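Chemist: The residues making up each chain are set out below.
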Amino acid sequence: VGFTGGTAVAQDGGQINVFTSGGQPLVVGTAASRLVTTADPYRPDRLQVALETSFQRTDLGKGALGGQMGALLEFRSNVLDPALGELGRIAVSLARTFNEGHAAGMDLYGQLGGEFFDLPAPKVAPHSGNGGTALLTAQVSDTGALRAQDVVLRFDGTDWTATNAGNGAPVAMTGTGTAADPLVVNGVSLVVSGAAATGDRFQLLPTAGAAGAISLGITDPGRIAAATAVKGSSDLGNLGTGKLSGTRVVDAGNPDLLAPVAIEFIDANQYTIDGAGPFAYTPGQAINHNGWSVVLDGVPVAGDSFGVGPTGANSSNNGNAALLANLDDARVLNAGTLTLNGAIGGLTTSVGSSARQADYAAEAQLVIHNQAQAARDSISGVNLDEEAADLMRLQQAYQAASQIISTADTLFQSLLSAVRR
Amino acid sequence: MNGRISTGMLYQQSLNSMLAKQAKLAHTQQQLSTGQKLVSAKDDPVAAGLAVGLDRSLAELERYGQNANILQNRLGLQENALARVGDAMARVSELTIQASSAAMGPDGRRAISTELDAILAGLVDLANSTDGSGRYLFGGTADGNAPFAIGAGGVIYSGDQTQRRVELAPDTFVSDTLPGSEIFLRLRTGDGRVQAGALPGNTGTGLLMDYSLTDPAAFDGDTYQIRFTAADTYEVRNSANVVVGAGSFEDGESIAFAGLQVRLDGAPATGDAFEIGPAGVRDVFSTLQGLIDTLDSNPVTAAERTAMQNALQGALRDVSVASGRMIDARAAGGSQLRALDQAADLREANSITVKGALSGLRDLDWAEAISRYNQETTALQAAQTVFTQMQSMSLFNLMR
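Chains as they are written, first to last, in the working numbering: chain A, 1 to 421; chain V, 1 to 400.
Chain V extracted, bound-state conformation:
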């Protein structure tokens, strides 16, 4: 460009610079009014692309939070139900101990049996607890209908055994409520490893006091019978009816064989037999029902009383195994609730990090933007002032 500047050009240049400043000002204004650095993706294409992904992460975290609320509600309800189940089981073992007292007469036993009836009904109701939205807590994933029903042949479980897992933080899954089968059903009988009992036809007063598995390595898993050949001698037969041991019996002394130990009290009659073998499985409802039936049996003879005592002892063991399972289930629920809290912490931390990153990519630095806005306003005003002064500055004005 040479030194000559035309008036039109002068005007044009001032106009151009004012327009450019106005465009900048408008952009800053837009940034200030939206609070965002990126008005459109062209302001920073890479940041805009990243922000899309981060936005989605944030939405996902929010969704996880809502999942966690629902799960917390369900686990809390499970905790409440299991606490009440635990109370009921404690009451059951108390009543069983009370019933096995020698001083208890038929009326007392009837009263206990009536209370146990009520507890059994209450237990079924607890097992059929709902989560407040029409779904049953202990039905696994087949929880549209009440999972437990008492039929003629015992309890009928119509739930399934699937335990839902809910994602509460990225790749962090927490289990939902336990399926009822894991709490109320499939409880090991006896002491959890072996079970023993008197055969129904016993005529003596032999009481099964205690039994245990003392040497798991020596136990072959067979079911053995201790059969009294006389009042003071016995033989041990395995399930193939082969005699594997024999000995003389003294009241209150332990009998040991095949890694097992059995202590009998009282006076067994000839032909009486006791059976010991690996523990089976039973549900808590059958245990209670069996207990009620035993208490209702109203024994008359010494042999019948002994049979009831033996049955009550067995029931006490079953109840204690069941109580143990309820406690385990509560503990599992507690650890799930803890995992829930940990997931919440993780979500919180992630959310802060993601928001921080997003803010760095997209949010406006207010101090910077406001000072820039002021600067641009000043620059535009200066340009406007210069323009008005420039146009008044003409040789013609001096010629008048």
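Next comes chain A alone, as it looks inside the complex:
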């Protein structure tokens, strides 16, 4: 009972039946159940506790066990798993945000930045009892919508529904599961392949384990895309004071990003971009083209020209590195409300407060335990002084009784001596 928690109920005839705190019988009459471990239906590497009686096996879920085992299981499901998931979520968000920023830069070889971090795909585990051949492949599609909670997906014959694996609450999901219209739940896109049978279940672990599986995608320091991918320059023969500044990449996916572009002024107030235009010029305006943006300021004169082109190899430009350095304060989590720093701080606080909560509970339980023990001992316990007093009392009674015998003996002896002659 110390391991599992539970209650003992005395029966007529001196028998005692023992039940777990969830009401499952451990010992009933002369039959004892055995505690065994079974594999989680979704994840065979994970063990659960089950109760095996002579005729059936019952999984002991949350709340069905108390005691040390119950506490360990509860710790796993209430503290360890969420913390792992949250840590994974932070790792995934960091990697995705960093990769996104990295792709907008240019490395030492003049190539656009590749994947800086290699990221594992979210795990989708089929239930061991699934009848269909369906397999789900998942990938994170929206960092802002990503949540750490595990989700159970169930196929009801026509549609897929999603529920929170922890509390069974429904989770909003869109899409049909085809490659063109994937199922989207909590920022994860899922594509179904094969045929699912009615009642098939899958568990989606969006981020659990991601923190441990994340790895560096590049090993050559020269591949770090520290430079802004494009740079602006003004023609050395320009007579005006026009100046390009604030060059940055807005859309790294633009196929023409690195195409050289010429901005030419046909007069002081109008310019063309690669011959297109003219566009009106206002000093300090931002020019957006081909996925980049530059700020053009000053007083250009007719004939002045400016060029924007790829940064090129072996550049010491630090533009992208400066952006990457500030990603930790970018609000990317929870639909753009939480920074990575904030998430780490929050995780520390939530684990810390779980520990604090457990501490408080343990303190309260200790007081109850001590009270109960004191109450029991006050009735059934031995007090040595009490025993000593009793002992002395009995000793004295014994002595008194011996005294009576001695007196009687004296009387008897005097009587005997009186009649002997």
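Among the hints, erroneous ones may be present.
Claimed, not checked - Once the Cα atoms are required to be at most 20 angstroms apart in a straight line, the calculated SDA-like pairs of lysine to any residue come out as:
| hint | chain 1 | residue 1 | chain 2 | residue 2 |
| --- | --- | --- | --- | --- |
| 1 | V | K37 | V | L358 |
| 2 | V | K21 | A | V124 |
| 3 | V | K42 | A | D359 |
| 4 | V | K42 | A | K243 |
| 5 | V | K37 | A | D359 |
| 6 | V | K37 | A | Q365 |
| 7 | V | K24 | A | G342 |
| 8 | V | K24 | A | E363 |
| 9 | V | K24 | A | S350 |
| 10 | V | K21 | A | E363 |
| 11 | A | K243 | V | A332 |
| 12 | V | K24 | A | N341 |
| 13 | A | K243 | V | K355 |
| 14 | V | K37 | A | R356 |
| 15 | V | K24 | A | S406 |
| 16 | V | K42 | A | N78 |
| 17 | V | K37 | A | S350 |
| 18 | V | K21 | A | V367 |
| 19 | V | K355 | A | G342 |
| 20 | V | K42 | A | D81 |
| 21 | V | K24 | A | N78 |
| 22 | V | K21 | A | D81 |
| 23 | V | K355 | A | N341 |
| 24 | V | K24 | A | Q365 |
| 25 | A | K243 | V | A279 |
| 26 | V | K21 | A | N78 |
| 27 | V | K24 | A | D329 |
| 28 | V | K21 | A | T349 |
| 29 | V | K37 | V | A357 |
| 30 | V | K42 | A | P41 |
| 31 | A | K243 | V | D328 |
| 32 | V | K42 | A | G342 |
| 33 | A | K123 | A | P41 |
| 34 | V | K24 | A | S414 |
| 35 | V | K37 | A | S354 |
The hints are simulated quantities; they were obtained by calculation from the structure and are not laboratory data.
Here the structure is a predicted model, which means the values were calculated and not measured.
Go by the hints and put chain V onto chain A.
Modeler: Leaving out everything else, chain V in the frame of chain A:
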């Protein structure tokens, strides 16, 4: 609980209280040995969460400091290089003035031209200064190779025009060294707004003494020619070769038109022409090279001497504009160094504030902790003494 206390309970209670006191003592001991109030996050979950963020801020400030050291080194080197460039430019204008003296003969000019050659070579070397880590100071961000090279057609600049900005304190950026194009290239000619010169084929001794833009509103940006129709009359033509003015010329008198003013000396011949128009751009190396070529020209006739004088005057102006630019560049570098110091102050102040906040969240109050430690030790000792006395206190002891 009723009045009856069992001996086992007595022992148990003493034990429990001793264990609890020991646990507290161990915690205090841990605090004292680490110097931290928070042994683990459960001691104060909120403070622990905040401390994570503050720790990162502190690490960031440290990194900024290292950035600042590197930048300071580069800006210091830029300052040194520009100071030497400034010295060279001062020497160039001195030599030019010397060369334009009427008393200067061909040998003197040759000597000056030789020195200018050396200065030009030195200037290219200065423009190709490195920062000590193999990167060129004045190459913008394309600073892997020497940015300046003198080719047949003049200087070739292979750097770019991007000026790095380095974050030295939270959201405080300071610019790195200037790209060479902003220092050595694209210098306005003439007086910075308009430039004038004698046409090459002039046969008279007309000297271009002075010119300026007196009324910017009246100047339309066109290039005008002052052409002498006779020794004492001239006409002004615009770039479309349309006569826009005419007048009679007297030695040393100013000619004014279209917001411009030109003063000519000497005796221009018929057909001589002078040109004035908006200033163009030139790099400092071409200016020097032009000056050297002029000095090497070795004039013989009066007309040739006049042409050289005019060229030397033009060069003097260009050199003075270039010197002005070098001074501007040094001033910009100086203000960057100042911004560097300000960023350092900001970092320092931030660092103290963050450390203070962290210390408040996490660090141990030693006086409090030590007195608490003593108090807990005393309490534990008292509990132990009471326990030994309690267990010796038995009725059985009195029964012997």
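Chemist: Each hint: holds or not?
Modeler: Structure-based check of all given hints:
1. V:K37 - V:L358: Holds, at about 11 angstroms.
2. V:K21 - A:V124: Distance ~50 angstroms between K21 of chain V and V124 of chain A Cα, so the pair is violated.
3. V:K42 - A:D359: 8 angstroms, holds
4. V:K42 - A:K243: 56 angstroms, violated
5. V:K37 - A:D359: Since the Cα atoms of K37 of chain V and D359 of chain A sit roughly 17 angstroms apart, the hinted pair holds (cutoff 20 angstroms).
6. V:K37 - A:Q365: 26 angstroms, violated
7. V:K24 - A:G342: At roughly 32 angstroms apart (the allowed maximum being 20 angstroms), G342 of chain A and K24 of chain V break the hint.
8. V:K24 - A:E363: 13 angstroms, holds
9. V:K24 - A:S350: 24 angstroms, violated
10. V:K21 - A:E363: Given pair K21 of chain V, E363 of chain A holds - Cα atoms ~14 angstroms apart, limit 20 angstroms.
11. A:K243 - V:A332: Roughly 16 angstroms separates the two Cα atoms, so the pair holds.
12. V:K24 - A:N341: Violated, because 33 angstroms separates the two Cα atoms, which is more than 20 angstroms.
13. A:K243 - V:K355: Not satisfied, since the Cα-Cα distance of roughly 42 angstroms exceeds 20 angstroms.
14. V:K37 - A:R356: 15 angstroms, holds
15. V:K24 - A:S406: 63 angstroms, violated
16. V:K42 - A:N78: Given pair K42 of chain V, N78 of chain A holds - Cα atoms ~16 angstroms apart, limit 20 angstroms.
17. V:K37 - A:S350: Distance ~19 angstroms between K37 of chain V and S350 of chain A Cα, so the pair holds.
18. V:K21 - A:V367: Holds. K21 of chain V to V367 of chain A sits at ~15 angstroms (cutoff 20 angstroms).
19. V:K355 - A:G342: Distance of about 19 angstroms is within 20 angstroms: holds.
20. V:K42 - A:D81: 18 angstroms, holds
21. V:K24 - A:N78: 28 angstroms, violated
22. V:K21 - A:D81: 34 angstroms, violated
23. V:K355 - A:N341: Holds, at about 18 angstroms.
24. V:K24 - A:Q365: 18 angstroms, holds
25. A:K243 - V:A279: Satisfied, since the Cα-Cα distance of roughly 18 angstroms is no more than 20 angstroms.
26. V:K21 - A:N78: Cα-Cα ~31 angstroms, so violated.
27. V:K24 - A:D329: Not satisfied, since the Cα-Cα distance of roughly 39 angstroms exceeds 20 angstroms.
28. V:K21 - A:T349: Answer violated: K21 of chain V to T349 of chain A is near 27 angstroms, above 20 angstroms.
29. V:K37 - V:A357: With Cα atoms ~13 angstroms apart, K37 of chain V and A357 of chain V stay inside 20 angstroms; holds.
30. V:K42 - A:P41: Status violated; Cα separation ~34 angstroms.
31. A:K243 - V:D328: Distance ~17 angstroms between K243 of chain A and D328 of chain V Cα, so the pair holds.
32. V:K42 - A:G342: 18 angstroms, holds
33. A:K123 - A:P41: 15 angstroms, holds
34. V:K24 - A:S414: 75 angstroms, violated
35. V:K37 - A:S354: 19 angstroms, holds
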